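Peer 1: Guided by the hints, dock chains B and C onto chain A, whose structure is given.
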Amino acid sequence: MSGAGKSQNQPAAAPTPKSDKIPLFVERQTYRRRRLVDGARALPVLGLVLWLVPLLWAVPESKTHASSGLIYIFVVWIGLPLVAGILIQIMKIRPRVPRNDEGET
Amino acid sequence: MTTLNALAAISILYVLFLFAVAFFAERASRRGRANWLRAPIVYTLSLSIYCTAWTFYGAVGSAARNGFEYLTIYLGPSLVLIGWWWVLRKLVRIGRVQRITSIADLISSRYGKSNLLGVGVTLLAVIGTTPYIALQLQSVTLSVEVFSQASGGEQEQTTAFWVAVGLAVFTVIFGTRNLDANERHHGVVMAIAVEAIVKLAALMAVGIFVVWGISGGVSETLERIDASSLGHWEVNGGRWAGLMFLSAAAFLCLPRMFQVMVVENDNDQQLRMAAWAFPLYLMLMSLFIVPIAVVGLDVLPAGSNPDLFVLTVPLEYGQNALALLSFLGGFSSATSMVIVAAIALSTMVSNHIVMPIWLRVNENVVSVSGDVRNVVLLSRRLSIGGVLALGYLYYAQSGGGAALSEIGLVAFMGIAQVLPAMLGGIFWRGATRFGALAGLTVGFSIWVYTLYLPSFGAAILPESFFDGGPFGLIWLHPQALFGISGIDPLLHTMIWSLTFNAVAFFVASLSSFPSPLERLQGAQFVNIQQGTGGARSWSQGSAEAEDLMVMAQRILGSADAQRLFLREARRQGSDTHLPAPTAEFLQILERELSGSVGAATAHAMVGQIVGGMSISVEDLMAVADETAQMMEYSATLEAQSQELSRTAAQLRAANDKLTRLSVQKDAFLSQISHELRTPMTSIRAFSEILRDGDGITAEEQSKYASIIHDEAIRLTRLLDDLLDLSVLENGQVSLNLGEGMLSDVLDRAEAAALAHDDKRGLQIKRDRESEQVWLNTDTERLSQVFINLISNARKYCDAESPALAIVVTKGEALTVDFIDNGSGVAPEAQDVIFEKFARVSDQKAGGAGLGLAISRQIVTRLGGEISYLSGQSGAAFRVILPLEKALAAQ
Amino acid sequence: MAGHVLVIEDEPNIIEAISFILSREGWHVATHSNGEDAAEIVRSRAPDVLILDVMLPGRSGYDILRELRGDAATENLPVLMLTARGQSKDREMAERAGASRFMTKPFSNAEVLEAVRALAPA
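Residue numbers (our numbering), protein chains in the order written: chain A, 1 to 105; chain B, 1001 to 1890; chain C, 2001 to 2122.
I should point out that these hints are in silico values taken from the structure, not numbers from a laboratory.
A couple of the hints might just be wrong.
Taking lysine-lysine and the DSSO-like style, the derived pairs with C-alpha atoms no more than 30 Å apart in a straight line are [to be verified]:
(1) Lys2089(C) x Lys1090(B)
(2) Lys1810(B) x Lys1795(B)
(3) Lys1657(B) x Lys1836(B)
(4) Lys1795(B) x Lys1765(B)
(5) Lys92(A) x Lys1090(B)
(6) Lys1703(B) x Lys1836(B)
(7) Lys1703(B) x Lys1765(B)
(8) Lys1795(B) x Lys1836(B)
(9) Lys1665(B) x Lys1795(B)
(10) Lys1765(B) x Lys2089(C)
(11) Lys1665(B) x Lys1836(B)
(12) Lys1810(B) x Lys2089(C)
All values derive from a computational prediction rather than experimental measurement.
The shape of chain A in the complex, shown without the other chains (with noise of 0.2 Å):
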């Protein structure tokens, strides 16, 4: 018994969607981090969606400088990892959320 309890408890064991062993609904704070890992899962999607628009630049005549493409490109770079850092941080501490965060992701 103990040690089932244990099992459900870890974070580690957590969400992969396949398996069938996680349950379908969860207390406020599982389905929480449920959404983190959404969010760190969709993180790299957005990131290359946002450095492909540079393509959509490449059509001669258009003239793009290069310092706004520049620009671009390293803001992209300095912000995808800070939202990846922010959310393995509140992963961590695994906080409660506060109401107001609801309408998040």
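Peer 2: Showing chains B and C alone in chain A's frame:
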């Protein structure tokens, strides 16, 4: 101008400094103060070996030549890290749980510990990495050349040669120090982290100088960029996306990246920091590339090598110190890459090529002779030397002509061929060994044909191939397969090689059937997050713990091996130094060994000792959830069924034995309890009666006191027997050797044994004539044995008028037989009567059942043996004493 | 309370001790020291309380008890079992065989007396 000698001196000082860092880090980890060495920041910085001299010098060159394309090489890995939750997390966990030592080991391990795959990936890695090492040597040479301003060919080769030698020495010293399963190189990783800081600092210093020192500020720099030839955003869309993908793939597959990212990884914490911090590191490395390139193109004479702008721009402005820092940055980039690549490659070469061959050659001597540990270390060291020698030769042969970044991309493309097998292996249980082999072979061949060989120019592929295709087959044109031309050669290779690779991998996987071991490994790799994971397990076979110990000592070193064995023995609850060779223990051992010699080799070595069982019951059990599928392949199974039933029989036997042992242990404890409690009951009851005292006659009082006395003596005797037996069993007894006549010993024994023979009167028949034998033995102990045998006859002989014949025979040895006229010992009891507490029947006979056990111990100590003689008229015991100690009377 | 107690036990000293203790308190004590014919002895003597050892020559105490419990005459006979093996599984076996009380050797005299008194039909 800095002279060449000063440069050499500074480089050597810098290298010595790195030696010191590595040395102290290694020492700290040895003393167990390695916590800071495992800090996530150190791990993050160590990932910077991705940024080699190719980044440090080549990125500026690439920007000057091709514009913004260079960014993709760093954007790809940034995405991989930001998406750590997808691939890296899983990869790193698999690496830790399965004790993976290299990318080749990962692939080999996943696909049923296939050595063929290990060899394939190793060759691929060596071929892909050698030009890269050449590239690093070349960059150091070129940068030295900038300072010397002299371009003697002789000079170049010498520099490259000594750099290669120096790196080989460093790598051998810090890369092959320890050889345990937790194969982590704290010294090397620490040195690399320091170099990571140096190269970042150097590149940023040059960048800051260029932006604020030369251009006059950020906005001025941006204006300058827009005004330059790089002023407009122009990228080749295909290459932009393709290179991003390629660099992401290479980041996962490069042997050196795998080494620092997976093999050196200690915990998830490290990855969590690297996930956001390393993209920022890459961002900082890339930040000043364009400004430096623009300024370099602007101020340096046309035709200057843009690969060296990082050095030549500061020199142009007379900033010698800055140029020197920049040189050290480039030097750091080159050396750290070479060191880690050499470690990674040498591990692969040693584990997947040298050791299997060595084992094959020495097939039957592994557990007997030869020091495997030394062989492993030696083969690693030689491999390091070999890898660097190859790099140097490649450099010397190629003459260092091609633009730096093209070689890098060719190498990336080669190693990216591992990607389908790797990702397929960790995400798809259906991936098979055959699929991996097919995919790798196809991808590798296309890469060699369309990119690698053409990169040598006309030296290898004849010119005609590039005109009308080989043998006039235009559709086999190396850079326009199937007649589809006009694609960038790199993209051309990428599309065709990876497509065919993935398709071959997929189709071959679908159409082949994996072995049980592969399926087991596949399940463990794919489901790593859920289960604890563990390599394929051994059935409880006939492995000899001692043989395993001998082998483990040779590989892990005796101290580590003994520690491991002791720990496991303790965990099993055994009080000896050798754990029982249970399936679990064999699996742990195999995992430890695989850290040193690779999974397939470790499996083969344990297999040699355990008896070479290739498929165990447990393996099949683990995949039995897919029984339905297995039925279709009953033909395959049939071939294995014989082996299986043998294994099953062994398992059953082992299980029976364990059960018997456990029952015996229980029975022993229960017996001791009974034997101690019975006399204690009488003692307690009568002492309470005496204590309460009322209504007891004096006669009763004395009777009860003597009962207490007798029972106390019985207890004492039992304890004496137990102690005697435990002393004898532990071999701590010292024999009191002396001369004695056999007849005297028998006389004494008879007298003692029959002293309390009250009612039945055992009659003893002896032949005194034959007993006239001088013995040189411990007569006290011997008579103890005889007393026991005679008392047994007295207690257990069930004849009307019991009689015991003692027959002495002198042959090759002296035999003394004790034969009574009772009904003897039942056949099923004959082999247990010498066990502790074994009584011939349930009848109480006043003894604790230890007599024969003690007798056997004593006789064994005296160099003889005692046995039950079946087929006599009654119970018959034979004591055999060795002749050396039995001298005939003169 | 002059009840009859039958002691089946093979260790003579223990028989002597138990007999002494019980007869001092007025019980009539009979003894027997063999397992094989123990069940018949119990039936013929029909004691009020039976004290039964587990390890007996010829037949185990559990066996004897099981036979007694299967017999209508001795089905409800109060039986105090004695054993010198102090393991919990022995207690379980005794309970399963149908022992009314179970006692591990060595016991105190007062315990035995108390047990016999409690078991004896009023």
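Peer 1: Does the structure break any of the earlier hints, and which numbers would those be?
Peer 2: 1, 6, 7, 10 and 12
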